[in-house]
Each structure stands twice: as structure tokens, then as C-alpha cells.
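K.L.:
Sequence:
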Amino acid sequence: MNSDDLMIFLAVAEEGAITKAASRLGYVQSNVTARVQQLESDLHTPLFYRHSRGMTMTAAGKTLFDYAQRVQHLLQETRLAVQDSPIPKGALTIGSLETTAAVRLPRLLAAYHRAYPEVDVALVTGPTEYLVEQVLHYKVDGAFVSGPIDHPDLCKEAAFPEELVLVSEPLELDMHTLRTRPLLAFHPGCSYRSRLEQWVHSEGILLPKIMEFGSLEAIVSGVSAGLGISLLPKSVTGKLEAQGVLRSHALPDPYGSVQTLFIRRADLFVTSAFRAFVKDILQYIDLASTESPPAEQLAQSTFIP
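Residue numbering for the sequence shown follows my numbering, starting at 1 and increasing by one per position.
By construction, these hints were calculated from the structure, which means they are not laboratory data. Owing to the predicted nature of the structure, the values given are computational and were not obtained by experimental measurement. Be aware that one or more of the hints could be misleading.
Below, simulated DSS-like cross-link-like pairs (lysine-lysine); rule was C-alpha separation at most 27 Å, straight line [said to hold, decoys possible]:
id : residue 1 : residue 2
1  : Lys139    : Lys156
2  : Lys62     : Lys139
3  : Lys139    : Lys279
4  : Lys234    : Lys209
5  : Lys139    : Lys89
6  : Lys156    : Lys89
7  : Lys139    : Lys20
8  : Lys156    : Lys234
9  : Lys89     : Lys279
10 : Lys156    : Lys20
11 : Lys89     : Lys20
Whole structure, please, built from the sequences with the hints as guidance.
P.N.:
What follows is the structure in C-alpha cells.
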């Protein structure tokens, strides 16, 4: 068993099929099949269940999957440690909520790029649940997510608070009418969707129909057209409300506020690019609450050793 075997195993496990794994790796399908079979022979245990829909990991496969990820990460960390330099450069992958990416990050990433043009920044968006998994599995270096987050393998810092508002079409509507409207939300795993569902439940009414959308633009367009209501940060809806596209409605605590956090794995190798991101980007975040710690404290905190 070597690192290439583990790489092939991970590809098959993640893709759920030999053909997809071979395509992803650029290998011949028969080669991938042979390597998986040889790995199973070396370990004296089946790693996958074969079925008509593809391949699913056995209990032994799931155990190997965790170790294989850690080995692959350690190899990548070794490369980073050897190649890292005092001048930030190389790859940096940041995850973010779509609302945060749309409003908070463009100016910040532009400033970072001007300061460190040799860093190749990639931005991955998704709901909090997805982003936490991406961080835990070393897919992204760090991510802006909605709190609270409590995981022993994660470091976290408060980035900025968000005021959440109920949004509807730009008409005068009472709360009773709003409570009966369909809910427009991202897919399951979205913290804003969960909070919206909690608010509806707290009002003592049956959960309305939920309409799922894949982008912020689609949700805003649907709400504006009178398709339903949604829960969004005030930082997103402010200009839209001023333009007459939406109307916002305040929510009671604890549903009307949330803390956006920046998280990373506790064992992440901190490259100069990542360190620069934390120290030089978080200080530009426009904190919406005077109770939040100033950016200088974030940059000097124990988040980065």
C-alpha cells in the first residue's frame, strides 16, 4: 500500500464508481479496478460493496477513508512546508456562505489580491453544513460560516455579526399574511433556512411549503415576484429595499441576529498566504456591532499560532 493506492481509493470512494474515478484521475478504468482489488487483497478485507449503482464503502472502507484522507493531507502539508516562503504565494481556497460572498468578500478579496498578487485565491460557496465538512476534510483552508459552531477539530473566530430580516415582495403585508407564504430557501444544511423554520415553528403554525433554490439571485427574484418569503442578512437586502425590490420585516430575538464565524482545522498547516489572509483581510471586515472584537484582536488571536 502506497500513497498512489490511497489516492485511487479516495477517488473511488468519493465518486462512488470506478468509471468516474478513472475519469477524474485520468487513468485507464482497468488500472483503477486492479489497484482497488490489489489494495483489498493486501488488507485482506473488502473495501467496497459492488452494486448496479456503483460502489459503496464497507465498514473497513470507511475506516480506511479517514486514515487515507489524513495521509493525503500530511503529504500535502509536507509539500507546503517545504515550498512555503515568507512572501505569500501559491494556492489559497476559502469557503463562504453565498450571502457573505456576494456582499462582504468582493472588496476584501480584491484588496488581498492587490497586496499579494502571487496568491491564487479560489472561492467555494455553499451552506454552513457543507462548508464545515469541506474544512474538516481539508477541501478548503478556511470558511466563513454561520454560528454557532462547536467541533473539537475546528478553530473559530468571530468575523462579523449579521442582522437577519424576513423579506417579502415590496408591498404592505401584515405578519399574519407573511406566515402563510411559502418559504424560499437554499437546500438543507443552510443555517438561515434552519433559523427561518425555527421562527415559523415558534409562531405556532404549521410549516409552510418550502421552495428550494440554488442561488441568492434566484431567491431574491422569487421573493420580489411574490412567490414567497425568505430570511436574509440586512447587508444583502438594504440596497434592494431602497430600490423597491424587496420589503424587510424585523424578527424578534434570537431569530433576528447571527454571528458569522471564520473557521479552519486546528491542525491546518498555516502557510504565509493563509496567515496574510487572516491578518490583512479580516481587519478590513466592516463589523456591524461595537460589541464584536476589533479586527486587530482577531488577527493577533490564538486562531493563528
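K.L.:
Now look at each hint and say whether the structure bears it out.
P.N.:
Cross-check of the supplied hints:
1. Lys139 to Lys156: Between lysine 139 and lysine 156 the Cα gap is close to 17 Å, so the pair holds against 27 Å.
2. Lys62 to Lys139: 18 Å, holds
3. Lys139 to Lys279: Measuring from Cα to Cα gives roughly 22 Å; hence the hint holds.
4. Lys234 to Lys209: 24 Å, holds
5. Lys139 to Lys89: Roughly 18 Å between the alpha carbons, so the hint for lysine 139 and lysine 89 holds.
6. Lys156 to Lys89: OK: lysine 156 and lysine 89 at ~24 Å, within 27 Å.
7. Lys139 to Lys20: 19 Å, holds
8. Lys156 to Lys234: 23 Å, holds
9. Lys89 to Lys279: 15 Å, holds
10. Lys156 to Lys20: Violated, because 35 Å separates the two Cα atoms, which is more than 27 Å.
11. Lys89 to Lys20: 32 Å, violated
Taken one by one, the earlier hints fail for this structure at numbers 10, 11, listed in ascending order.
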